[in-house]
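Undergrad: Spelled out from the first residue to the last, the chains are:
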Amino acid sequence: DGGITQSPKYLFRKEGQNVTLSCEQNLNHDAMYWYRQDPGQGLRLIYYSQIVNDFQKGDIAEGYSVSREKKESFPLTVTSAQKNPTAFYLCASSFEAGKVSGANVLTFGAGSRLTVL
Amino acid sequence: GDSVTQMEGPVTLSEEAFLTINCTYTATGYPSLFWYVQYPGEGLQLLLKATKADDKGSNKGFEATYRKETTSFHLEKGSVQVSDSAVYFCALDNFNKFYFGSGTKLNVKP
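Going down the list, the sequences are from chains A and B.
For the first sequence, the positions run 28 to 144 when my numbering is used.
For the second sequence, the positions run 66 to 175 when my numbering is used.
Hints may be right or wrong, so weigh each one.
Chain B is nowhere near these chain A residues, computed Cβ spacing over 12 Å in every case [as the list claims (entries may be wrong)]: (1) K36; (2) V46; (3) T47; (4) L72; (5) E96; (6) A108; (7) K110; (8) F115; (9) R140.
The list that follows gives simulated cross-link-like pairs (lysine-lysine, DSSO-like), each with its CA atoms no further than 30 Å apart [stated by the list, open to error]: (10) K174/B / K162/B; (11) K162/B / K36/A; (12) K170/B / K84/A; (13) K142/B / K125/B; (14) K36/A / K110/A; (15) K170/B / K98/A; (16) K170/B / K36/A; (17) K117/B / K142/B; (18) K97/A / K36/A; (19) K162/B / K142/B; (20) K125/B / K174/B; (21) K174/B / K142/B; (22) K170/B / K117/B; (23) K170/B / K142/B; (24) K174/B / K117/B; (25) K133/B / K121/B; (26) K84/A / K41/A; (27) K97/A / K121/B; (28) K174/B / K133/B; (29) K110/A / K170/B; (30) K133/B / K162/B; (31) K133/B / K36/A; (32) K84/A / K97/A; (33) K84/A / K162/B; (34) K110/A / K162/B.
The set of hints was computed from the structure by calculation and includes no laboratory data.
It should be emphasised that the depicted structure is a prediction, and the values quoted were computed from it without experimental measurement.
Backbone N, C-alpha and C define an ideal beta-carbon position, used for all residues, glycine too.
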């Protein structure tokens, strides 16, 4: 079955450490996204990538970094510069705009919960 | 810029009650509209979608109609169940830029 796999599901980090969250998709989607979700709040876009080797900052990119070396993979690194990293992180993917007829659906992974100790 | 506004929660209903969650949007052009559902500790799942004015999306008893004249996409269900308890997000897509509402938590009591 096609889908998006995020790992790990739970991650604990000490202050000052960098951590990397994995996101892999086998949907042949062109675009991939990282969102942050805080308790009781909506989604905030961190980074997105429309094609391999290219990505753009979202609304809250400070303290995060990404890479897009393969179409299937879009890892997110939470750096020590991110002052409040405890949150639920969601990866998503979609086809390129205009590539599909009808609605271009955003498909989500199950999420990774990061806690800073 | 584009944006989505949905009613604040939580919404608490008894089983078999009628549900409405309001959603309005601001967008240039002709966006697609979506409702997503999130169960505790999970990612978002697509509930229904609509791509043009007057389209009605429906799934699992939920419905929403794309109203361009009122820029709305309200979610409705005639008879909610305890298993419908979740957070519901309204969203739009405008050329691969996705915008989400802040989410509405629904609690259904037996």
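Undergrad: Taking 30 Å as the top limit, are the C-alpha atoms of K174/B and K117/B close enough?
TA: The given pair, whose Cα atoms are some 35 Å apart, is violated under the 30 Å limit.
Undergrad: If you draw a straight line from the CA of K174/B to the CA of K142/B, is it 30 Å or shorter?
TA: Holds, at roughly 15 Å.
Undergrad: Given the hinted pair K84/A and K97/A, is their alpha-carbon gap at most 30 Å?
TA: holds, 18 Å
Undergrad: For the pair we were handed, K84/A and K41/A, check the Cα-Cα distance against 30 Å.
TA: Cα-Cα ~25 Å, so holds.
Undergrad: Is K142/B close enough to K125/B, meaning Cα to Cα at most 30 Å?
TA: Cα-Cα ~9 Å, so holds.
Undergrad: Given the proposed pairing of K174/B with K162/B, does the C-alpha separation stay at or below 30 Å?
TA: Since the Cα atoms of K174/B and K162/B sit roughly 36 Å apart, the hinted pair is violated (cutoff 30 Å).
Undergrad: Given the proposed pairing of K125/B with K174/B, does the C-alpha separation stay at or below 30 Å?
TA: holds, 19 Å
Undergrad: Are the Cα positions of K170/B and K98/A separated by 30 Å at most?
TA: With a Cα-Cα distance of about 34 Å, the restraint between K170/B and K98/A is violated, given a limit of 30 Å.
Undergrad: Against chain B, does K110/A keep a CB gap of more than 12 Å to every residue?
TA: About 22 Å separates K110/A from the closest Cβ of chain B, which puts it past 12 Å; holds.
Undergrad: Given the hinted pair K133/B and K36/A, is their alpha-carbon gap at most 30 Å?
TA: violated, 39 Å
Undergrad: Is the hinted pair K110/A and K162/B satisfied, with a Cα-Cα distance of at most 30 Å?
TA: Holds: K110/A and K162/B sit about 27 Å apart, inside 30 Å.
Undergrad: Is K84/A within 30 Å of K162/B, Cα to Cα?
TA: Holds, because 13 Å separates the two Cα atoms, which is no more than 30 Å.
Checked against the numbered hints listed earlier, the structure breaks hints 1, 4, 8, 9, 10, 15, 24, 27, 28, 31; every other hint is satisfied.
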